[in-house]
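Q: Okay, here's what each chain looks like letter by letter:
Number of protein chains: 2
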Amino acid sequence: MTNKITIHLAMLAFLVTMPVFASKVSIPTPRKNEPIQPIPLGVEAHTAKVELGKMLFFDPRLSKSGFISCNSCHNLATGGSDNLPTSIGHKWQLGPINSPTVLNARFNLAQFWDGRAKDLKEQAGGPIENPKEMASNHELTDEVLSSISQYVELFRDIYGDDDIDIEEIKDAIAAFEDTLITPNSRFDLWLKGHDEALTAKELEGYQLFKNKGCVGCHNGVAVGGNSFQKLGIVKPYPNDKILGRFNVTGKESDKMVFKVPTLRNIELTAPYFHDARTWDLAEAVKLMGEYELGQDISDEEADKIVAFLKTLTGEQPRIVYPVLPPSTAATPKPDRS
Amino acid sequence: MTNKITIHLAMLAFLVTMPVFASKVSIPTPRKNEPIQPIPLGVEAHTAKVELGKMLFFDPRLSKSGFISCNSCHNLATGGSDNLPTSIGHKWQLGPINSPTVLNARFNLAQFWDGRAKDLKEQAGGPIENPKEMASNHELTDEVLSSISQYVELFRDIYGDDDIDIEEIKDAIAAFEDTLITPNSRFDLWLKGHDEALTAKELEGYQLFKNKGCVGCHNGVAVGGNSFQKLGIVKPYPNDKILGRFNVTGKESDKMVFKVPTLRNIELTAPYFHDARTWDLAEAVKLMGEYELGQDISDEEADKIVAFLKTLTGEQPRIVYPVLPPSTAATPKPDRS
Numbered sequence: 001m002t003n004k005i006t007i008h009l010a011m012l013a014f015l016v017t018m019p020v021f022a023s024k025v026s027i028p029t030p031r032k033n034e035p036i037q038p039i040p041l042g043v044e045a046h047t048a049k050v051e052l053g054k055m056l057f058f059d060p061r062l063s064k065s066g067f068i069s070c071n072s073c074h075n076l077a078t079g080g081s082d083n084l085p086t087s088i089g090h091k092w093q094l095g096p097i098n099s100p101t102v103l104n105a106r107f108n109l110a111q112f113w114d115g116r117a118k119d120l121k122e123q124a125g126g127p128i129e130n131p132k133e134m135a136s137n138h139e140l141t142d143e144v145l146s147s148i149s150q151y152v153e154l155f156r157d158i159y160g161d162d163d164i165d166i167e168e169i170k171d172a173i174a175a176f177e178d179t180l181i182t183p184n185s186r187f188d189l190w191l192k193g194h195d196e197a198l199t200a201k202e203l204e205g206y207q208l209f210k211n212k213g214c215v216g217c218h219n220g221v222a223v224g225g226n227s228f229q230k231l232g233i234v235k236p237y238p239n240d241k242i243l244g245r246f247n248v249t250g251k252e253s254d255k256m257v258f259k260v261p262t263l264r265n266i267e268l269t270a271p272y273f274h275d276a277r278t279w280d281l282a283e284a285v286k287l288m289g290e291y292e293l294g295q296d297i298s299d300e301e302a303d304k305i306v307a308f309l310k311t312l313t314g315e316q317p318r319i320v321y322p323v324l325p326p327s328t329a330a331t332p333k334p335d336r337s
Numbered sequence: 001m002t003n004k005i006t007i008h009l010a011m012l013a014f015l016v017t018m019p020v021f022a023s024k025v026s027i028p029t030p031r032k033n034e035p036i037q038p039i040p041l042g043v044e045a046h047t048a049k050v051e052l053g054k055m056l057f058f059d060p061r062l063s064k065s066g067f068i069s070c071n072s073c074h075n076l077a078t079g080g081s082d083n084l085p086t087s088i089g090h091k092w093q094l095g096p097i098n099s100p101t102v103l104n105a106r107f108n109l110a111q112f113w114d115g116r117a118k119d120l121k122e123q124a125g126g127p128i129e130n131p132k133e134m135a136s137n138h139e140l141t142d143e144v145l146s147s148i149s150q151y152v153e154l155f156r157d158i159y160g161d162d163d164i165d166i167e168e169i170k171d172a173i174a175a176f177e178d179t180l181i182t183p184n185s186r187f188d189l190w191l192k193g194h195d196e197a198l199t200a201k202e203l204e205g206y207q208l209f210k211n212k213g214c215v216g217c218h219n220g221v222a223v224g225g226n227s228f229q230k231l232g233i234v235k236p237y238p239n240d241k242i243l244g245r246f247n248v249t250g251k252e253s254d255k256m257v258f259k260v261p262t263l264r265n266i267e268l269t270a271p272y273f274h275d276a277r278t279w280d281l282a283e284a285v286k287l288m289g290e291y292e293l294g295q296d297i298s299d300e301e302a303d304k305i306v307a308f309l310k311t312l313t314g315e316q317p318r319i320v321y322p323v324l325p326p327s328t329a330a331t332p333k334p335d336r337s
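Read top to bottom, the protein sequences are chains B and G. Residue numbering for the first sequence follows the working numbering, beginning at 1 and increasing consecutively. Residue numbering for the second sequence follows the working numbering, beginning at 1 and increasing consecutively.
Think of the hints as simulated: they come from the structure by calculation, not from any bench. Errors might be hidden in some of the hints.
Since the list gives no way to pick out one identical chain from another, each pair is judged satisfied if it fits inside one copy or across any two copies.
Straight line, CA to CA, 25 angstroms or less: simulated DMTMM-like cross-link-like pairs of lysine to aspartate or glutamate [what the hints assert, rightly or not]:
hint: 1; residue 1: Lys333; residue 2: Asp280
hint: 2; residue 1: Lys210; residue 2: Glu153
hint: 3; residue 1: Lys201; residue 2: Asp119
hint: 4; residue 1: Lys333; residue 2: Asp299
hint: 5; residue 1: Lys230; residue 2: Asp171
hint: 6; residue 1: Lys286; residue 2: Asp162
hint: 7; residue 1: Lys286; residue 2: Glu122
hint: 8; residue 1: Lys333; residue 2: Glu283
hint: 9; residue 1: Lys32; residue 2: Glu300
hint: 10; residue 1: Lys251; residue 2: Asp161
hint: 11; residue 1: Lys230; residue 2: Glu315
hint: 12; residue 1: Lys118; residue 2: Asp275
hint: 13; residue 1: Lys251; residue 2: Glu204
hint: 14; residue 1: Lys235; residue 2: Glu252
hint: 15; residue 1: Lys91; residue 2: Glu51
hint: 16; residue 1: Lys210; residue 2: Glu267
hint: 17; residue 1: Lys333; residue 2: Glu267
hint: 18; residue 1: Lys132; residue 2: Asp157
hint: 19; residue 1: Lys91; residue 2: Glu129
hint: 20; residue 1: Lys286; residue 2: Asp142
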């Protein structure tokens with residue numbers, strides 16, 4: 001009898017307090033009608049391939065000199081980019097164009113500023129054999145990696161053959177890069193319905209970003225990366241030396257057309273534009289207004305838009321720095337010349 | 001009564017089987033009289049300072065170009081060294097001497113090949129301002145870091161002032177480097193009494209290493225690093241362009257005298273010698289016999305000694321790659337020229 005009463009009292013207490021709890025744990029309502037979507041929390045991945053790709057991404061032996069790795073110009077400590085106007089390559093040659101971030105690159109419709117690589121795998125081979133970048137060649141990288149027994153084993157376990165080739169190298173690097181996403185930015189939390197994730201100023205910035213028209217090109221999961229657009233559409237861009245998509249298609253109308261860069265983690269990846277025209281994000285916003293939108297964006301507006309843009313910085317990938325297998329007597333020696 | 005009998009039987013069973021268990025869990029007897037001692041499993045560390053030091057170690061903004069970090073030449077993916085004859089520095093200048101490993105450097109009696117820095121802290125300032133290496137200067141690095149609010153906070157929390165200076169920068173880098181030890185090599189397990197950790201061939205190699213006299217200089221925790229010795233003591237070394245310790249002391253007798261390098265993780269840190277004379281560890285062993293010991297070491301003997309040397313590869317430090325705070329408008333821009 002005593003037990004029964006206790007149970008009844010407990011049930012009563014539960015029924016009385018439940019609405020209180022329910023109001024406290026109310027589920028946020030995602031904002032589904034925004035032009036920007038949150039980055040997924042994770043991606044499907046082939047773990048062993050990703051680990052191999054990480055090793056390759058950090059391995060300087062993919063360069064002729066043995067000094068430059070993918071990470072040299074797409075540094076995962078600094079937003080997946082190198083924070084230089086243009087990258088430093090073999091023999092300190094300066095590249096022609098600002099290095100785009102590798103973070104969230106999986107969401108791009110194509111790779112490179114001019115989109116000349118259809119995906120990350122196709123992209124990965126480019127810098128390795130570019131004489132101004134890593135200055136190696138695909139035969140040499142195959143030979144280097146094939147001389148290192150631990151690599152041979154890892155490739156065999158994944159690709160099922162004894163022959164390391166550039167297609168496999170690119171595939172593994174791309175598999176690693178595919179995992180380099182930055183979820184849980186404050187803006188994404190807001191998109192998921194957490195109202196408190198943004199300040200009033202940041203929200204105003206977002207409204208300006210939409211109202212001024214920035215969002216016309218910078219939208220989707222990556223806030224960009226999903227279309228090609230002409231730089232200087234309302235006013236000719238002062239630097240027309242780099243022709244962009246024209247180099248791929250040969251079409252006159254593709255001159256000065258570039259892949260719209262992602263704005264995710266934009267505060268980490270100065271300087272801005274393909275020609276690194278400015279280090280200042282507010283100035284970048286105003287220049288975009290001038291050349292792309294025909295809008296005069298005031299200092300105060302730019303300040304608010306920048307406040308919004310900084311909410312796009314997400315959790316950076318947690319990378320355990322790889323330990324690379326040593327070279328052997330058969331490994332071609334690095335060549336610094 | 002039944003209970004009591006059960007207990008007595010259980011005790012009896014325990015007493016009978018105890019010696020069997022005891023023989024199975026016998027504690028290995030450490031080998032205390034060997035000239036090499038195991039690397040400790042851990043070191044005392046100021047966690048926040050180590051974390052800051054790690055960030056600085058990987059931060060390319062400590063170089064003039066914004067491209068070169070401590071890790072560029074002391075790469076923790078490749079044995080704490082760069083696997084190049086000499087390092088590549090600012091504007092692709094080639095350094096004068098092979099980059100020594102940062103792993104286990106805490107056990108060295110002094111730093112650099114010529115021992116010109118008394119400890120890791122003193123060493124850390126050198127490459128930053130060396131015009132052939134990172135090509136920055138200590139005023140510039142102070143200015144760069146002071147412009148980055150997250151760094152200012154981290155330094156304030158640790159050093160208690162608002163002023164970032166080079167002494168603090170060096171101190172933090174050294175604190176990180178102090179933790180870069182590689183315990184639990186197979187040789188250390190053997191030293192701790194685990195007989196099965198080495199093969200017969202490796203043990204023979206170790207006996208040769210002792211009997212030939214290698215151990216006379218390569219001893220202690222780091223298997224080297226604890227004395228200065230003349231290179232070419234029994235036969236003049238063919239390359240006498242780098243004078244070593246003479247540059248520090250000015251003493252004639254210190255010409256061609258160098259800090260004995262550690263042999264820990266030696267399989268990871270080719271090429272060998274201060275002038276990178278060989279990439280082949282067996283050849284390095286034979287050259288040492290020739291110039292230091294006046295001993296003709298046969299191919300077979302060198303092969304065994306190399307087998308022993310490879311047991312000195314320990315667990316590499318597990319590094320979570322740092323995420324660096326972004327530069328600000330006040331941060332001096334990188335200068336690639």
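Q: It remains to establish, for every hint, whether it holds in the given structure.
A: Do the hints match the structure? See the list:
For the homomeric pair lysine 333 and aspartate 280, the shortest alpha-carbon distance between copies (12 angstroms) is at most 25 angstroms, but the shortest distance inside one copy (42 angstroms) is not. Proximity of lysine 210 to glutamate 153 under the C-alpha cut-off of 25 angstroms is found in neither arrangement, the shortest distances being 51 angstroms within a copy and 35 angstroms between copies. In this assembly of identical chains, the alpha carbons of lysine 201 and aspartate 119 never lie at most 25 angstroms apart, being 37 angstroms within a copy and 50 angstroms across copies at closest. For a Cα distance limit of 25 angstroms, the shortest separation of lysine 333 from aspartate 299 across copies, 23 angstroms, qualifies, whereas the shortest one inside one copy, 54 angstroms, does not.
In the homo-oligomer, the alpha carbons of lysine 230 and aspartate 171 never lie at most 25 angstroms apart, since the shortest distance is 31 angstroms inside one protomer and 50 angstroms across protomers. Proximity of lysine 286 to aspartate 162 under the C-alpha cut-off of 25 angstroms is found in neither arrangement, the shortest distances being 54 angstroms within a copy and 34 angstroms between copies. Taking CA atoms no more than 25 angstroms apart as the test, lysine 286 paired with glutamate 122 passes in neither setting, with 34 angstroms inside one copy and 46 angstroms between copies. In the homo-oligomer, the alpha carbons of lysine 333 and glutamate 283 lie at most 25 angstroms apart only across protomers (16 angstroms), although the nearest pairing inside one protomer, at 46 angstroms, exceeds that limit.
Taking identical chains as interchangeable, the C-alpha atoms of lysine 32 and glutamate 300 are never at most 25 angstroms apart, the minima being 29 angstroms within one chain and 72 angstroms between chains. With identical chains, the CA atoms of lysine 251 and aspartate 161 are never at most 25 angstroms apart, being 42 angstroms at best within one copy and 60 angstroms at best between copies. In this assembly of identical chains, the alpha carbons of lysine 230 and glutamate 315 never lie at most 25 angstroms apart, being 31 angstroms within a copy and 52 angstroms across copies at closest. In this homomeric assembly, lysine 118 and aspartate 275 come within 25 angstroms of each other (Cα to Cα) only inside a single copy, at 22 angstroms, whereas the closest approach across copies is 45 angstroms.
In this assembly of identical chains, the alpha carbons of lysine 251 and glutamate 204 never lie at most 25 angstroms apart, being 40 angstroms within a copy and 71 angstroms across copies at closest. Taking the shortest alpha-carbon separations for lysine 235 and glutamate 252, only the intra-copy value of 17 angstroms comes in at or below 25 angstroms, while the best inter-copy value is 71 angstroms. For the identical chains of this complex, lysine 91 and glutamate 51 are neighbours neither inside a copy (30 angstroms) nor across copies (32 angstroms), given an alpha-carbon limit of 25 angstroms. Taking identical chains as interchangeable, the C-alpha atoms of lysine 210 and glutamate 267 lie at most 25 angstroms apart only when both belong to the same chain, with a minimum of 19 angstroms there against 58 angstroms between chains.
In this assembly of identical chains, lysine 333 and glutamate 267 lie within 25 angstroms of each other by CA distance solely across copies; the values are 15 angstroms between and 39 angstroms within a copy. In the homo-oligomer, the alpha carbons of lysine 132 and aspartate 157 never lie at most 25 angstroms apart, since the shortest distance is 33 angstroms inside one protomer and 43 angstroms across protomers. Within a single copy, lysine 91 and glutamate 129 get their C-alpha atoms as close as 14 angstroms, and across copies as close as 21 angstroms, so both meet the 25 angstroms cut-off. In the homo-oligomer, the alpha carbons of lysine 286 and aspartate 142 never lie at most 25 angstroms apart, since the shortest distance is 47 angstroms inside one protomer and 32 angstroms across protomers.
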